[in-house]
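**Q** Our numbering applies: residue 1 is where the sequence shown begins, and numbers increase by one.
Hints are computed from structural coordinates only; laboratory data are not their basis.
Note that the structure is a prediction, hence the values are computed from the model and not measured.
Be aware that a few hints might be false.
Unchecked claim - Lysine-lysine pairs mimicking DSSO-like chemistry, simulated, CA-CA at most 27 Å apart:
id: 1; residue 1: K36; residue 2: K308
id: 2; residue 1: K141; residue 2: K122
id: 3; residue 1: K172; residue 2: K192
Claimed, not checked - Simulated DEER-style distance windows between Cβ atoms:
id: 4; residue 1: E215; residue 2: D266; range: 27 to 37 Å
id: 5; residue 1: Y28; residue 2: S290; range: 27 to 37 Å
id: 6; residue 1: S311; residue 2: S278; range: 20 to 30 Å
id: 7; residue 1: K36; residue 2: P183; range: 37 to 47 Å
id: 8; residue 1: K172; residue 2: Q98; range: 22 to 32 Å
id: 9; residue 1: D211; residue 2: R261; range: 19 to 29 Å
id: 10; residue 1: N90; residue 2: H118; range: 28 to 38 Å
id: 11; residue 1: S113; residue 2: T232; range: 35 to 45 Å
id: 12; residue 1: K283; residue 2: Q304; range: 16 to 26 Å
id: 13; residue 1: R178; residue 2: D262; range: 28 to 38 Å
id: 14; residue 1: G61; residue 2: E193; range: 18 to 28 Å
id: 15; residue 1: A242; residue 2: R178; range: 37 to 47 Å
id: 16; residue 1: P183; residue 2: N314; range: 38 to 48 Å
id: 17; residue 1: V238; residue 2: D266; range: 21 to 31 Å
For every residue, glycine included, the Cβ atom is placed at its ideal position computed from N, Cα and C.
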Amino acid sequence: MTTDANGLVSLIKGTKQLKKTFNIFIKYCVPAKEKKVTTNVIQILTHGSTLNHTYWDFAPGYSYVDVAAASGLATLSYDRLGIGLSDHPNPLLETQGQAQIEIYHGLVQLVRSGALGHSFSKVIAVGHSYGSTLGDGTLSKYPNDFDALINTDYDGPLAWLKHTIFSLGLLKANTLPRLAHLPDGYLVPGKKEGLQTPFLKYPNFDPSVLDSTFETIQTFSLSELLNPANSTLWGNPVVLAAYTSPVMVVVGEHDFILCGRDCPQDKASQILQTTYSSADPRKSLSWLVSGSGHNINGHRNADQVFHKMASWVNSLG
Numbered sequence: 001m002t003t004d005a006n007g008l009v010s011l012i013k014g015t016k017q018l019k020k021t022f023n024i025f026i027k028y029c030v031p032a033k034e035k036k037v038t039t040n041v042i043q044i045l046t047h048g049s050t051l052n053h054t055y056w057d058f059a060p061g062y063s064y065v066d067v068a069a070a071s072g073l074a075t076l077s078y079d080r081l082g083i084g085l086s087d088h089p090n091p092l093l094e095t096q097g098q099a100q101i102e103i104y105h106g107l108v109q110l111v112r113s114g115a116l117g118h119s120f121s122k123v124i125a126v127g128h129s130y131g132s133t134l135g136d137g138t139l140s141k142y143p144n145d146f147d148a149l150i151n152t153d154y155d156g157p158l159a160w161l162k163h164t165i166f167s168l169g170l171l172k173a174n175t176l177p178r179l180a181h182l183p184d185g186y187l188v189p190g191k192k193e194g195l196q197t198p199f200l201k202y203p204n205f206d207p208s209v210l211d212s213t214f215e216t217i218q219t220f221s222l223s224e225l226l227n228p229a230n231s232t233l234w235g236n237p238v239v240l241a242a243y244t245s246p247v248m249v250v251v252g253e254h255d256f257i258l259c260g261r262d263c264p265q266d267k268a269s270q271i272l273q274t275t276y277s278s279a280d281p282r283k284s285l286s287w288l289v290s291g292s293g294h295n296i297n298g299h300r301n302a303d304q305v306f307h308k309m310a311s312w313v314n315s316l317g
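Start from the sequences and build out the full structure, keeping to the hints where you can.
**A** What follows is the structure, encoded as structure tokens:
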């Protein structure tokens with residue numbers, strides 16, 4: 001995310017090396033019907049802001065993890081640093097995008113190494129919003145990490161982010177009893193209605209999804225919020241434009257954060273053609289999802305999206 005980029009750039013006085021070990025929660029899922037893992041492909045699922053790994057496995061009918069497993073695919077979802085069951089270090093200095101990128105790269109190395117009991121030779125980055133941001137940033141620093149990308153609901157520094165922040169009614173996370181142990185600098189949305197506006201398109205979602213999302217809302221940190229436009233987090237446009245592997249771009253038709261309520265043109269196609277202009281044209285795909293808002297996985301047609309994503313992954317061979 002980025003807010004007042006010019007003001008932020010003027011405040012940056014240098015860099016400092018971070019050398020620390022953090023505990024990261026991961027959830028590794030494989031097809032239940034197989035006695036042993038046979039696929040050589042794994043998808044690493046990275047959630048967006050105010051969410052955790054359950055964005056990919058929210059409830060029956062809202063689980064990409066389930067659809068992927070039923071399609072013979074392995075997944076690894078995780079809580080990003082500063083989120084959910086992972087460590088919550090200094091929210092200004094230690095959860096910055098560069099640290100998140102190194103963790104992402106570490107997960108790629110983990111699944112390729114055989115440490116999970118099976119060595120995966122192909123790794124696909126699947127991201128939502130800020131999670132797609134991290135995919136771009138990781139690919140830019142480590143161009144050989146990913147054999148394909150699925151980018152959902154992200155297009156660089158987000159045009160309508162300031163409106164989103166206003167809508168969320170942010171509070172200090174430690175004002176909530178379940179998050180009282182966290183230091184200042186971790187934030188949470190304070191209004192359920194404000195959460196709905198940027199994330200879920202009315203009436204195309206079940207109200208219980210909004211209720212559950214708000215009741216289990218996750219933190220995001222100041223460093224996640226304050227990213228200048230020149231941050232390496234956003235990825236290197238030259239590297240992204242030169243990426244020749246398959247890319248799938250998925251955007252909700254009513255993505256408030258990208259488009260301000262309604263996308264006037266096929267935003268997904270635009271992102272694929274501009275950001276990933278060298279992506280394999282025979283295998284790449286873009287899709288503007290009818291009726292969906294920013295959090296595609298929370299809408300009534302989520303299962304349709306999941307099956308199309310899994311089918312695309314299987315089509316890559």
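**Q** Is 22 to 32 Å a correct range for the gap between the Cβ atoms of K172 and Q98?
**A** 25 Å, holds
**Q** So does S311 sit 20 to 30 Å from S278, Cβ to Cβ?
**A** 24 Å, holds
**Q** Is it true that R178 and D262 lie within 28 to 38 Å of each other by Cβ?
**A** Holds, since R178 and D262 (Cβ atoms, about 35 Å apart) stay within the stated range.
**Q** Look at the Cβ atoms of K283 and Q304 and judge whether their distance stays inside 16 to 26 Å.
**A** For Q304 against K283, whose Cβ atoms are near 21 Å apart, the range 16 to 26 Å holds.
**Q** When you take the CB atoms of V238 and D266, is the distance between them in 21 to 31 Å?
**A** 25 Å, holds
**Q** Return holds or violated for the Cβ distance of P183 and N314 against the range 38 to 48 Å.
**A** 44 Å, holds
**Q** Between N90 and H118, does the C-beta distance stay in 28 to 38 Å?
**A** Once the Cβ atoms are compared, 35 Å apart, the range 28 to 38 Å for H118 and N90 holds.
**Q** What's the verdict on K141 and K122, does the C-alpha distance respect the 27 Å limit or exceed it?
**A** 18 Å, holds
**Q** Straight-line Cα separation of K36 and K308 no greater than 27 Å?
**A** Holds, at roughly 25 Å.
**Q** Is 37 to 47 Å right for how far apart the beta carbons of A242 and R178 are?
**A** 45 Å, holds
**Q** May I ask you to test the hint 19 to 29 Å on the CB atoms belonging to D211 and R261?
**A** Distance hint for D211, R261 holds at roughly 23 Å.
**Q** Range hint 37 to 47 Å: satisfied by the CB atoms of K36 and P183?
**A** 44 Å, holds
Hint 11 from the list above is the single one not met by this structure.
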